[in-house]
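Build out the structure end to end from the sequences listed, making use of the hints.
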Amino acid sequence: MKDFFIVLKFELMGFLKNKSFIISTLIICLLLAVGLSIPTIKDTFFSSSSEDKSILEDPADEAYGDGKYGYIVEDKDAVNIEDIKTNFFGGQLVEADTIEELEKKVKSGDFKAGFRIQSPVKYEYIVENNEMMDFNEGAFQDALVKAYRIKEFGNRGIGYDEVEKLINPSIESQTKILGKDSAKNYLYTYVLVFGLYFVIILYGQLIATSVASEKSNRAMEVLVTSTKTTNLIFGKVLGGALAGIIQFGLVMLTGGIAYKLNAAAWNNKLDFIFKIPGSVLLTFSIFGILGYLFYSFIFGALGALVSRTEDISASATPVTIVFVIVFMISMMGMQNTESVVLKVASFIPLSSFMAMFVRVSMGSVSTFEILVSLGILALSTGLIGLLASKIYRMGTLMYGNPIKLKNAIKIMRSK
Amino acid sequence: MKLEVKDLYKSFSGKEVLHGISFNVESGKALGLLGRNGAGKTTTIRIIMNLFEANKGEILLDGKKFNPREHQIGYLPEERGLYPKKKVIDQLVYLGQLRGLTSKQAKENTLYWLKRLGVEEYKDKKLETLSKGNQQKVQLAETFLCNPEIIILDEPFSGLDPVNSQILKDIINELIDNEKLLIFSSHQMNYIEEFCEEIALIDKGDVVLTGNLGDIKRQYGMNRLAISAVDLSINQLENIFNSELNNIVKIIEIRKNDLIVELLQGNSKNDLLKAIIDLDLDIEEFSIYKPSLADIFVQKVGEDQ
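These protein sequence lines are chains A and B, in that order. The numbers in UniProt numbering rise by one with no breaks, and the one at position 343 of the first sequence is 343. The numbers in UniProt numbering rise by one with no breaks, and the one at position 33 of the second sequence is 33.
Hints are computed from structural coordinates only; laboratory data are not their basis. No false leads were mixed into what you were given.
Here are the simulated lysine-lysine pairs, DSSO-like style, with alpha carbons at most 27 Å apart:
hint	chain 1	residue 1	chain 2	residue 2
1	A	Lys107	A	Lys68
2	B	Lys87	A	Lys9
3	A	Lys9	B	Lys126
4	B	Lys107	A	Lys17
5	B	Lys87	A	Lys2
Since the model is a prediction, treat every value here as computed from it, not as a measurement.
Now the structure itself:
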């Protein structure tokens, strides 16, 4: 056991002292902290215009600017320009004398755009550059339609306000959620699942590389004669895993703290990412860490089967494909937590760590199911760890062509 | 302590490479494992170190089954290997700790051995930045740092210059004086001759010669004489021996400076001396032949080919 901790410490320090580890962690944390502080910085240094705040508070305002728009009316008798003006929310409508003046001012930028109103139901839109996200024309059309309706209903002796009340009754609604609010949980579940995916792929490769390089630089022969292989592989995998957890934890912590400090400036708008319930975090930690270890052991064993670090990516491909499929199932499961595929996946150790977490976070699962899945996962992680140490021991002095995982298990069975 | 290697067999993917290797070593003595490249020296050592499992045979220490992890062993593998990208001191302390030293002891021993081997100044350097010879010395420091009872060195002198070889020789002699049990393999006979009381000569997976080196030499020198004469070239001497003395001796080997001959049955040294005096040869050298290990090696391995 003592040896295990010695290996663990050595491997962990190997990661923690690694410059690229330190720098990448720092950069991610820094970006996160700075990014989350932007509204606060903005409020502190650019708070002179109170309008800024109103823009932030109501995103609708951002689309409906307050610029000037020009117009000319060709049929002044038929078109009720006042109704159009009051119902146009795109900005201020200013009359131009001639079509030439209108076009000139649009071109010079005095007007954001211009409208040549030919009849109550016909107009020409004059704009400098037609952009994808142009809401002006839509707003103008709405105004035109409304003015038309007011006029036509008036002609028939019906008050438009009354009609509007009939057509668009104001309906009050509330949602009472008895289970999970999947819509609300979606984003943080997404972030956590994606983070887990990323950490496993990244550190899995690193662990495999570290094992294979010990083999290729022949340090393994000295190591294997110094201590038990279980100490070596468990120490190595847990050391690497711990480094990943520390990095992931630091990033999450930085994000959490930075958001907490800046929550007021964000008007709590990012609560849906950062306000993760404790129970979800707990499930994520337990399942995530076990799943992470499960895959780390597999990657460690893969590293022992090749002789050169260059061969790892080829050897790891089948495992990576399985892992990506697991990720896809979990991602798709987030849309429908009751799907059979997700339910099955939440008990298979290869996928349960992610699938079960998605179900806990976004759907409803009985505690019994969670415990069963956790039991299966914990047991198989232990077994895969022992298997990995056997493979590691066997692969120690086998140089030459990479051994396939299938063959390795065959060789071990025949012994 | 007495280490007994008994009747080891080993096959790799169906091909048998060791066909019953046996030898013994005791504390305070060094055993030299000799053999040509690919003879099976390293495989034997790896079986002793429990890196490979033998198909048959056993290894006993004082009569009990030998488990390398229960003893402090200084093992220098043939394929040297440490972490190229880690600091010298970090990895040596780590390996020392793995072998049961406390972190303080490991550090002290590391510094002692690095100093002893003259590579102390590189302790904070990454291993890969050192020259090959210095890396080799770091590897040696790693081998000795846990005060091993048993020392197994696979080709320890390869890659060392004469000065460094001398440092290692001194260390090995000291280890032998300190009653350590030492096995070392080499194809460099002069080193084996220098340290090893016992040898085991392995050829193609078989022990073809084993025992005390002095006895072996005596046995190989028995009834053999080294002879040279003043004013006669070796070839002339050879001709005389072939024509005049072929009833007393036969020529075993023609060397640069002398002739090695073996007395035929029923003849003594004095018979030969008398015959030489009768021939009136001006003898320069007339001595009992003491073969070098290299001679024995070439003869023994050559015979089998």
